[in-house]
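Protein sequences, first through last, are from chains A, B and C.
First residue of the first sequence? That's 1 in the UniProt record's numbering, and the numbers climb one at a time after it.
First residue of the second sequence? That's 1 in the UniProt record's numbering, and the numbers climb one at a time after it.
First residue of the third sequence? That's 1 in the UniProt record's numbering, and the numbers climb one at a time after it.
Don't read these hints as lab results, they were simulated from the structure.
Quick caveat, the model's predicted, so the values are computed rather than measured.
Ideal Cβ placement from N, Cα and C applies to all residues, glycine included.
Some hints could be false.
Stated by the list, open to error - Short derived list, chain C residues pointing at chain B, Cβ under 10 Å:
1. Leu103
2. Lys133
3. Thr134
4. Leu179
5. Ser192
6. Asp210
7. Gly214
Stated by the list, open to error - Pair ranges (Cβ atoms, derived):
8. A:Arg270 x C:Thr221: 45 to 51 Å
9. A:Glu76 x B:Arg213: 52 to 58 Å
10. A:Asp138 x C:Lys287: 43 to 49 Å
11. B:Pro422 x C:Arg237: 55 to 61 Å
12. B:Lys252 x A:Glu105: 48 to 54 Å
13. C:Lys72 x B:Glu124: 48 to 54 Å
14. A:Gln322 x C:Pro252: 20 to 26 Å
15. C:Arg237 x B:Lys252: 40 to 46 Å
16. C:Lys287 x B:Gln441: 52 to 58 Å
17. A:Asp138 x B:Glu177: 52 to 58 Å
Claimed, not checked - BS3-like, lysine-lysine: derived pairs with alpha carbons at most 30 Å apart:
18. A:Lys142 x A:Lys64
19. C:Lys74 x B:Lys160
20. C:Lys159 x B:Lys225
21. C:Lys325 x B:Lys225
22. B:Lys203 x C:Lys106
23. B:Lys197 x C:Lys96
24. A:Lys20 x B:Lys197
25. C:Lys325 x B:Lys260
26. A:Lys294 x C:Lys159
27. B:Lys252 x A:Lys45
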Amino acid sequence: MDPAVRNLLLRILRKIPTGKLEETLTKWTHLSRTQQQSLNYSQSKWILHENIVYLCEENGLTMKHVSELDMIYCMENPTSATWRACQLTDAEDDASSVELISFKEQFKAHLSELIRNVSIKIKKHDDESIWIRIAWGDHFSKPNHLKPTYVVHYLQTPYVFICNLSSKNKLLLHQALVLATKHGSIKDANLSGRSFHAVRDLLMGHYNKTFPTSHSRPLKERNLSPTHPNIVKEHIEQAEKRQQLAREAFGEGTVPKLERATYTLETRFRGGSGIDTFIDSERPFKTVVTFESKSLLASLRHCVSSGMAESPVSPLLSSITQKGRNYFVITDKTNKGPDMTTQSFRSNV
Amino acid sequence: MPQTPEPSVSGGRTDFPDENDSTCSNLSNRSLRIAEKEKKKSEAEAPLSVALTYFSEVKAGTPVLGNDELEGHLVRLERTALAQGLPPHAVSIMLEFAMSLRMTNAITSRVLRFLVPASVVPQEAVLRGVSWLCTQKLSQSNQLLFLRWVLTMFDMIDCKDNLRAIYGFIFSFVTDESMCPFICHLLYLLTIKEHVKAYRVRKLLDIQGKMGRQPYILQLLALYKVFSPEMVPHSVTSRMRTGFRNHDSTWKAPLAALAKRRVGQETPSMDLVLGLRQKPNRKKRKFHHLEVPDLAPAMGPNSRKGVCLQQLRSFSELLDNLSSIELPAQMGSLLSSAMALHYLDCVQDESAFLRLNFWLGHALQEEFFAGPVEGGQESMAEAAHFLSMLVSTQHFLQEGFSATEGFLCKFLEVWDGFLHRPQILELLSNIALVPSSQIKQVLFDPLMQLYFTSSVFFKCSVIECLSSMLRKWLTWHSVCAKEEGLNISLNNRSTMSLSLSGFLDSVLKLVQFVGRLTSAGLQLERCHTLLLHHALGFYEMVSDMYLKYSLPLFVMLPPGVFYPALLAADPIAVDRLGRIMFKYRQNLTHAKEQRLKQKELYLQISRSVYEEFNTYLVTMVGFLWNSVAFGPRSGLAINQRLLERTKVANYSSSFNLVHHPAFVNYAVDFHQQCWPERTDMDLNSIQAGRYWDWYVEYLYTQGFEGLRDFIKVSINPSATRQSTAHPLSQPSQSG
Amino acid sequence: MDVRRSDVDSATTPTRQRQSWRNSVRTLNTTTRPLFYSGVLTAPRVSTVRRRSNAHQIDNDVDPNQMALLVKEKWELSRVTPMYNFRYTELKAYSKNLSAFLLEEKQQGTAAAVAGYDKVFAVTFSTISGVAKTKDDAETVFIQINSKPVFAAAGDAPKVVWSGWLTCVRAAPQYLQSLPPEFVCLPVFCSSGAQSLTFLVQSWFERTFDCSFGSLDLSPTDLQWLAAIWTSYHNERKIRSLKLKWTLPSEPPLDVTMAVDGQDAWDLWDSTHQQEDANDIYIEHVKRFLNCIETHFYRHFNIHLSAGVLKRVATEGASVHIDGKVKICPEYLPSTMELLTECAILRMPL
């Protein structure tokens with residue numbers, strides 16, 4: 001087996017946790033049933049991987065097959081790198097009629113024109129999304145499969161999600177995408193995160209939203225812990241109101257798992273009493289505020305419902321879910337103006 | 001092997017050589033099926049021990065091929081070893097088996113490959129392995145495999161002294177070309193200064209000449225050079241970059257898996273060695289600070305030529321060398337043994353004590369105040385052990401450390417009353433006299449909070465602790481105080497000086513505090529007997545302060561303690577109350593006499609003390625003797641309706657020693673003895689005439705000495721029982 | 001024991017002399033009974049005002065090479081109880097002793113991983129003058145552990161595997177003076193390097209000088225002080241941004257980092273206090289400064305930062321984390337060390 005292929009295969013195998021290895025290999029379907037059954041998953045990883053490589057060698061698999069394994073794993077567990085969301089604008093008239101086969105052909109054709117030596121693999125996922133794996137090379141070298149770029153696009157929607165893209169290849173990819181989807185241009189949607197599902201759900205609104213109602217009492221929780229009849233909660237009304245506001249702003253139940261939100265503030269100083277020089281001046285007080293957490297929206301929701309954040313929920317925070325982005329530049333003129341942010345802000349924080 | 005139960009040994013004893021026969025005959029008597037079942041059961045229960053027994057007993061020359069039993073045992077052992085590691089005795093047995101080459105070299109190789117120890121490797125096993133190595137029976141590869149095994153498991157060998165002892169034998173292998181790298185590595189790990197000898201250096205240089213400048217020989221020579229630079233020639237030094245190579249590839253994976261599993265089940269061991277643990281810094285600290293340091297002599301170029309405490313073995317040696325012992329490097333180490341404590345008792349040096357207090361304060365602070373508590377039962381047990389050690393040390397030295405006091409002051413504010421309760425209360429009773437300005441904030445407030453929110457048993461413990469504290473203060477005062485006031489100003493650095501009035505102030509505050517605690521506590525707990533007795537014990541001490549401890553302080557017990565004791569259902573309480581009143585009378589009388597004799601003019605006893613005492617006296621006599629109870633002047637106001645509910649006719653004039661609930665059974669007893677023929681009980685007849693006196697004598701014989709003292713002193717033994725008590729007269733001059 | 005007052009005059013004097021002199025001498029000479037603990041050493045208090053040293057003083061005091069050693073690393077902080085019998089004249093002996101100790105531990109396998117089998121530890125103790133400011137402070141001691149290969153040729157530069165220093169800057173003089181003269185008080189210990197080596201060095205100190213090491217945990221107020229102090233040095237050393245990080249106790253925990261532009265932070269600080277006492281920093285000003293920043297945040301996001309804990313303060317040159325990790329630059333050295341010394345002494349067990 002070609003050492004590069006073997007190297008790649010070992011890398012991929014090491015990336016996959018042992019628990020998921022079995023099902024990934026089954027989906028891959030390039031190892032026969034008997035071969036798979038002959039593998040002993042309780043052995044040490046090193047031995048197991050050697051065995052798998054040996055079986056692959058027996059079957060004579062090539063780079064194409066190995067990259068397919070990578071893609072399958074990535075499609076199942078897209079949390080390895082940071083995903084960025086982009087939005088296609090200026091749709092042409094027939095943009096909504098683009099369908100899978102034409103998109104595939106167009107994209108492959110355009111990208112191969114723009115750059116030689118690039119390896120493209122396109123797969124359709126169960127939920128109607130198109131996954132594209134691109135290994136970049138250039139005029140002199142073969143495609144580098146160790147650092148592939150993944151692109152996910154939902155047909156008939158203007159959303160594209162990209163991960164692992166280096167800046168020199170960005171223009172090429174954008175160009176190819178724009179042409180293949182029959183849109184005018186593509187811009188950054190100011191949303192990024194590690195979990196693809198989270199980014200997608202937030203942008204496309206696929207989570208439990210709560211809409212403001214005129215009903216004052218929300219639905220009762222299903223599992224109320226039994227309380228003693230003598231215990232009276234004094235602030236139960238306020239607590240419920242806060243809960244409702246929290247849910248309206250950030251969703252209910254499991255919310256998309258974002259990691260951070262960044263705000264660049266260039267507003268007037270609003271710090272407090274008696275700071276004369278500052279209040280009079282028109283000069284903005286520049287700060288950059290970053291919120292980070294394992295699951296940002298859950299943290300913010302908890303902050304609101306527990307009273308750490310006052311109601312009403314600040315529009316800056318609720319725009320995360322309403323606008324589906326997590327990079328903001330705030331200036332005084334138009335509060336939460338959706339300005340075009342450049343990449344440079346991201347590099348600062 | 002199935003173990004059939006032996007027939008009971010009585011008379012005809014089965015001889016041991018016949019044991020096998022009896023087993024066989026027993027076997028043949030029973031059905032084979034049962035025997036098989038038993039065999040399977042015992043094997044299932046202890047497969048490891050079965051396998052080990054097999055390997056320790058198998059003889060040389062047993063066939064290998066087709067030996068299913070051998071194969072089964074080997075597989076079982078292999079599985080256990082790779083999963084959890086082998087216990088030390090298993091390692092010994094298997095190593096012995098492998099190195100003695102009782103079966104083929106292939107089996108030996110296989111055994112060595114899975115010989116992964118779980119915890120330690122006993123050094124005897126390695127020793128025997130090396131001695132088998134000397135017999136040169138093993139194949140070359142197995143010899144090397146064994147050496148690699150020893151190097152990999154080197155850190156797990158429990159003690160290396162014996163291996164160091166056979167350094168010479170190991171050294172002799174260095175001439176063998178293939179073994180040389182491993183032998184050099186092993187020698188590198190075992191070398192100490194005594195091993196560096198000139199002939200060994202020469203030998204190494206010889207080998208170097210033959211085999212060229214090999215890195216492993218150079219390493220060993222470098223180490224020799226570090227120990228004795230004069231023996232190794234300078235020409236040996238050169239640019240060396242590589243060290244010894246790691247030879248542990250065969251066992252790396254199972255060892256790593258084992259280590260990972262071990263981290264998962266955190267079992268902190270109780271032996272707090274100063275070695276390295278793979279735990280974050282915090283945990284290391286936690287285990288470290290509670291460990292009493294080892295006795296070690298002080299380092300430094302000008303350490304005095306004294307005797308080190310470690311060298312002394314018995315108390316007489318300690319006494320002989322008392323003047324020439326030097327202080328250890330870490331004062332905390334003096335807490336480790338009884339003999340060291342004896343020495344600590346004699347130490348005068350102030351900075352030595354300051355060192356000890358710093359260490360102790362730091363240990364207590366780290367344990368109880370620093371960060372979240374990790375580790376459940378083990379760390380609690382350690383802390384309890386440490387505190388108990390501290391308690392016994394303070395008990396031995398008869399005084400407390402200032403570090404303990406500082407710790408307690410901070411700890412009381414955050415204590416929940418449950419954590420290490422006995423030790424904390426014991427330590428609390430040992431603290432030195434608290435100045436009266438601080439006593440409320442430091443001691444009273446936190447204790448009060450805990451006292452009123454806990455069970456009656458905690459209340460009793462607190463009262464006991466405070467009694468103990470008072471006793472220690474009083475004892476100290478009576479032993480160490482100077483004559484005219486206590487002007488103890490310590491070395492010029494400290495500014496605290498204590499006068500008699502300051503001392504009295506603190507004691508007074510303490511007594512009053514306990515009075516309030518006990519009164520309120522008895523009310524809350526409905527006059528619980530145990531609490532009452534603790535309170536009475538405290539006041540027994542307080543009542544005798546003047547005569548016993550020569551402290552001119554007179555504080556009466558509060559009504560909240562007096563009345564429950566007087567009306568208690570427990571005769572011992574009444575008896576103790578009598579004793580207390582007796583003591584009070586004694587003390588007050590003596591003080592009055594002294595004052596009248598103009599001897600101690602500073603004795604000021606206020607009027608109110610006498611008044612209180614007299615009231616109590618009158619009440620007590622009224623209740624017990626005069627049948628004048630529940631009157632308006634008795635000091636006790638009880639609701640009429642409540643008294644009516646007792647359904648006692650004429651309650652105000654029928655309460656006395658006969659009808660007191662505590663003494664009713666004695667009265668009944670007496671009645672029985674007096675009038676055994678009477679069928680209906682009429683206790684009033686005891687009150688008539690001589691019977692009363694006889695009844696009172698009878699009570700004395702039952703052991704009520706407190707009552708006896710009280711009655712003898714306070715009640716005029718005149719004919720009529722309507723005599724009044726003898727109250728104390730106040731002194732003529734106003735207080 | 002029934003000592004009666006009346007007998008005191010006549011019989012007690014000889015008894016008192018017969019009574020062991022040890023008892024009475026002990027109550028006079030030792031720090032145990034009857035003295036309550038608060039009289040042993042003068043208790044330190046938290047200061048509410050700090051003096052800011054002028055910038056040009058800083059440069060002259062410490063030798064630039066030594067200063068480079070102090071500012072290079074990120075240090076982990078610990079506090080130390082006073083050391084007994086530490087002599088500045090014996091630093092060479094201490095170096096030898098410590099390296100012998102490390103070698104012994106390496107033989108047992110505890111320190112082998114750090115250096116490797118063929119390297120030896122070489123320890124140097126040195127003093128850095130100029131860090132201690134008053135006459136009561138002890139001189140700073142700097143310890144460096146190099147590992148050099150056993151056969152060192154001339155060109156071999158020893159590799160520094162661990163460095164640490166003990167310091168005391170402007171500690172409360174009453175506390176220092178109440179210690180007996182045999183004790184040297186260097187309450188702040190900074191270390192950088194392998195954890196195992198730190199542990200070994202601390203054990204050696206504990207064994208040799210009978211001191212104890214504990215972790216120096218800072219409080220959010222200390223971090224606020226440092227934020228204000230570093231901002232106040234803006235004229236001497238321009239900061240680009242002042243980063244403050246809070247952690248809010250939500251489920252899961254939320255980290256909020258505010259990076260305030262340097263010039264704006266300086267302007268804000270300037271406006272929180274009057275101009276006259278530019279050299280004294282008061283706690284009220286510090287609180288006001290932080291309060292303004294928190295309020296500015298609140299006005300935008302409606303979140304109370306006071307519900308969380310301030311965990312980290314950083315500028316380009318310096319940073320401090322509440323777990324006791326600090327990195328400093330030369331201008332900030334004296335004031336930062338003074339604050340840390342005060343923290344360490346406040347946490348002393350006696």
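Comparing the hints with the structure gives:
This hint holds: Leu103 (chain C) has a C-beta 8 Å from the nearest C-beta of chain B, less than the 10 Å allowed. Annotation: interface hint on Lys133 (chain C) violated; nearest CB of chain B at approximately 24 Å, more than 10 Å. With its C-beta approaching chain B no nearer than about 20 Å, Thr134 (chain C) sits outside the 10 Å limit, and its interface hint is violated. At its closest, the beta carbon of Leu179 (chain C) sits 8 Å from a beta carbon of chain B; the interface hint therefore holds under the 10 Å criterion.
Against a cut-off of 10 Å between C-beta atoms, the interface hint on Ser192 (chain C) is violated, since the closest Cβ of chain B lies about 13 Å away. This hint holds: Asp210 (chain C) has a C-beta 5 Å from the nearest C-beta of chain B, less than the 10 Å allowed. A distance limit of 10 Å between C-beta atoms decides the matter here; for Gly214 (chain C) the minimum to chain B is near 6 Å, and the interface restraint holds. At about 24 Å, the CB distance of Arg270 (chain A) to Thr221 (chain C) disagrees with the hint of 45 to 51 Å.
The hint said 52 to 58 Å for the Cβ distance between Glu76 (chain A) and Arg213 (chain B), and at roughly 56 Å that hint holds. Roughly 58 Å separates the CB atoms of Asp138 (chain A) and Lys287 (chain C), a value that falls outside the hinted 43 to 49 Å. Roughly 58 Å separates the CB atoms of Pro422 (chain B) and Arg237 (chain C), a value that falls within the hinted 55 to 61 Å. Taking the beta carbon of each, Lys252 (chain B) and Glu105 (chain A) are about 52 Å apart, inside 48 to 54 Å as hinted.
Distance hint for Lys72 (chain C) and Glu124 (chain B): a CB-CB separation of about 51 Å, consistent with the stated range 48 to 54 Å. Look at Gln322 (chain A) against Pro252 (chain C): about 22 Å separates their beta carbons, and that is inside 20 to 26 Å. Arg237 (chain C) and Lys252 (chain B) have their C-beta atoms about 51 Å apart, which leaves the hinted 40 to 46 Å range violated. Remark: the range hint 52 to 58 Å for Lys287 (chain C) to Gln441 (chain B) is contradicted by a beta-carbon distance near 27 Å.
A beta carbon spacing of about 54 Å between Asp138 (chain A) and Glu177 (chain B) agrees with the range 52 to 58 Å that was offered as a hint. Only pairs whose Cα atoms come within 30 Å are accepted, and Lys142 (chain A) paired with Lys64 (chain A) is accepted, the gap being roughly 13 Å. For a cut-off of 30 Å, the pair hint linking Lys74 (chain C) to Lys160 (chain B) is broken: about 39 Å separates their Cα positions. In summary, the hint linking Lys159 (chain C) to Lys225 (chain B) is supported, as the alpha carbons are separated by about 21 Å, within the 30 Å threshold.
At most 30 Å may separate the alpha-carbon atoms for a hinted pair to count; Lys325 (chain C) and Lys225 (chain B) exceed this at roughly 40 Å. At roughly 26 Å between alpha-carbon atoms, Lys203 (chain B) and Lys106 (chain C) fall within 30 Å of each other, so this suggested pair holds. Between Lys197 (chain B) and Lys96 (chain C) the CA atoms are separated by roughly 24 Å; this keeps the pair inside 30 Å, and the hint holds. Restraint check: the Cα-Cα separation between Lys20 (chain A) and Lys197 (chain B) comes to about 60 Å, which exceeds 30 Å; the hinted pair is violated.
A distance of roughly 29 Å separates the Cα atoms of Lys325 (chain C) and Lys260 (chain B); the hinted pair therefore holds under the 30 Å criterion. Distance hint between Lys294 (chain A) and Lys159 (chain C) is unfulfilled; the C-alpha atoms sit about 39 Å from each other, more than 30 Å. Between Lys252 (chain B) and Lys45 (chain A) the CA atoms are separated by roughly 13 Å; this keeps the pair inside 30 Å, and the hint holds.
Violated hints for the displayed structure, listed by number in ascending order: 2, 3, 5, 8, 10, 15, 16, 19, 21, 24, 26.
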